[in-house]
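Visitor: Chain Z: place on chain W using the hints.
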Amino acid sequence: SQQGEEDPQALSIQEGENATMNCSYKTSINNLQWYRQNSGRGLVHLILIRSNEREKHSGRLRVTLDTSKKSSSLLITASRAADTASYFCATDTGTGANNLFFGTGTRLTVIP
Amino acid sequence: DTGVSQNPRHKITKRGQNVTFRCDPISEHNRLYWYRQTLGQGPEFLTYFQNEAQLEKSRLLSDRFSAERPKGSFSTLEIQRTEQGDSAMYLCASSLGLTQYFGPGTRLTVL
Chain W
13 SQQGEEDPQA LSIQEGENAT MNCSYKTSIN NLQWYRQNSG RGLVHLILIR
63 SNEREKHSGR LRVTLDTSKK SSSLLITASR AADTASYFCA TDTGTGANNL
113 FFGTGTRLTV IP
Chain Z
11 DTGVSQNPRH KITKRGQNVT FRCDPISEHN RLYWYRQTLG QGPEFLTYFQ
61 NEAQLEKSRL LSDRFSAERP KGSFSTLEIQ RTEQGDSAMY LCASSLGLTQ
111 YFGPGTRLTV L
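Keeping their order, the protein sequence lines are chains W and Z.
Heads up, the first sequence is in the working numbering, so the first residue is 13 and it goes up one at a time.
Heads up, the second sequence is in the working numbering, so the first residue is 11 and it goes up one at a time.
This is chain Z alone, in the form it adopts within the complex:
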C-alpha cells in the first residue's frame, strides 16, 4: 500500500507526558499537512510543510506543539506536557497538487 501511513494508531498517555507521532506521506508528495479532529467536528489545520520547510502554522499550534520534516520525507508531531484538551485524532495528509490524501490518523487520549 502506498498511501499515507501514521504511527502509532492509538496513544494513551498521562497528563504532563510528552508524545510523538509519525507520518509517512506518499513518497513523491512534497506537501505535508497536520490536522486535528475532535469528536463530532471536522478536521482543523495545524501546520504545513513544503519539502522540509515548515511554511505555515495555525494559532491552534501552541508552543507545546512542534513539528518537523527532516529531509522532506516523513514528519513528526510532538506534544510536550500533554493536557486533557489535547485528546483528539491527529491526521496527516500529503499532496502534490490540490487534492490532499489523508492517513488513518493517530488517536490520542490524555488521562
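Isolated chain W, as found in the complex:
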C-alpha cells in the first residue's frame, strides 16, 4: 500500500497565488522528498528534507516536516502557469535499498 497520502487531491489557483499541499505518512522515515510530474512525463525531484529537519527552502518552494504528526507540507509561492503538474511526496524509510514510498499525489492547476 502507499506510504503517503496527499491532500488535497486536486487544487486550482490563479497565477501569482500561493499553493499549499500536505502529505501524511504512516511509518518512521529517514527523509521525505517531493517530486513534480508533468502530464505523461517522468518525475522531477524538487526537494529533500531529512527527519531531523523541520523546514527547508529552495527558491519558491518551502517544505515543512513534523515527524510527531507524520506530516509534511509543500508551499509554492507566487505560482506560475508552468507549475501546473502533479506533486508527490515520497518517503524513504531508511532501509537498505532506500526505495521510496509515494503518495497518491496532488494535481495542481495554475490558471494564467
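Hints are computed from structural coordinates only; laboratory data are not their basis.
Where hints are given, some of them may not hold.
Cross-link-like lysine-lysine pairs, in silico, DSBU-like; alpha carbons within 35 Å at most [said to hold, decoys possible]:
no., chain 1, residue 1, chain 2, residue 2
1, Z, 67, W, 81
2, Z, 67, W, 82
3, W, 38, W, 81
4, Z, 67, W, 38
5, Z, 67, W, 68
Guide: Just chain Z, lined up with the frame of chain W:
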C-alpha cells in the same frame, strides 16, 4: 543529455506476449530502481540494484517479471506472458546518494 533514459517510450502488446524494457542510468550512479505507476496513482517500488546485484524485490514483482543489470550499467525489465493488469507506466530511477533521478518511463499497454 546525461539524464536517465528509457526505451522504448511506448509499447503496445497483446496479452500473452513477452516485453522487455531498457533503462540507461546516469553513468556514475551505482543504484538503480524500477517503479510501476498506474493512472491516478503514485509510483510503486518494484526492484532495486546496487551495481549488478539485485538486492531487493517488491511483492508486486511476480514470477513473470525479471530484471537484470549486467555489468552494473544499463538494466532490463522483462515481463513474460503479459496480462491486461500489467498496463502501466514503468519508471526507472538511478542514484548515488539519497536523491533518485527518474527517467521518462515506458508506457505499456496490453490489449
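Visitor: Taking only the CA atoms, is the gap from residue 67 of chain Z to residue 68 of chain W under or equal to 35 Å?
Guide: Distance of about 32 Å is within 35 Å: holds.
Visitor: Hint check: residue 67 of chain Z vs residue 82 of chain W, CA-CA at most 35 Å. Holds or violated?
Guide: Holds: residue 67 of chain Z and residue 82 of chain W sit about 26 Å apart, inside 35 Å.
Visitor: So if I understand the rule, the pair passes when the alpha-carbon distance is 35 Å or less; does residue 67 of chain Z with residue 38 of chain W pass?
Guide: holds, 21 Å
Visitor: Between residue 67 of chain Z and residue 81 of chain W, is the straight-line Cα distance small enough, at 35 Å or below?
Guide: Roughly 30 Å separates the two Cα atoms, so the pair holds.
Visitor: Going straight from one Cα to the other, do residue 38 of chain W and residue 81 of chain W come out at no more than 35 Å?
Guide: holds, 10 Å
Of the hints listed earlier, there is not a single one the structure fails to meet.
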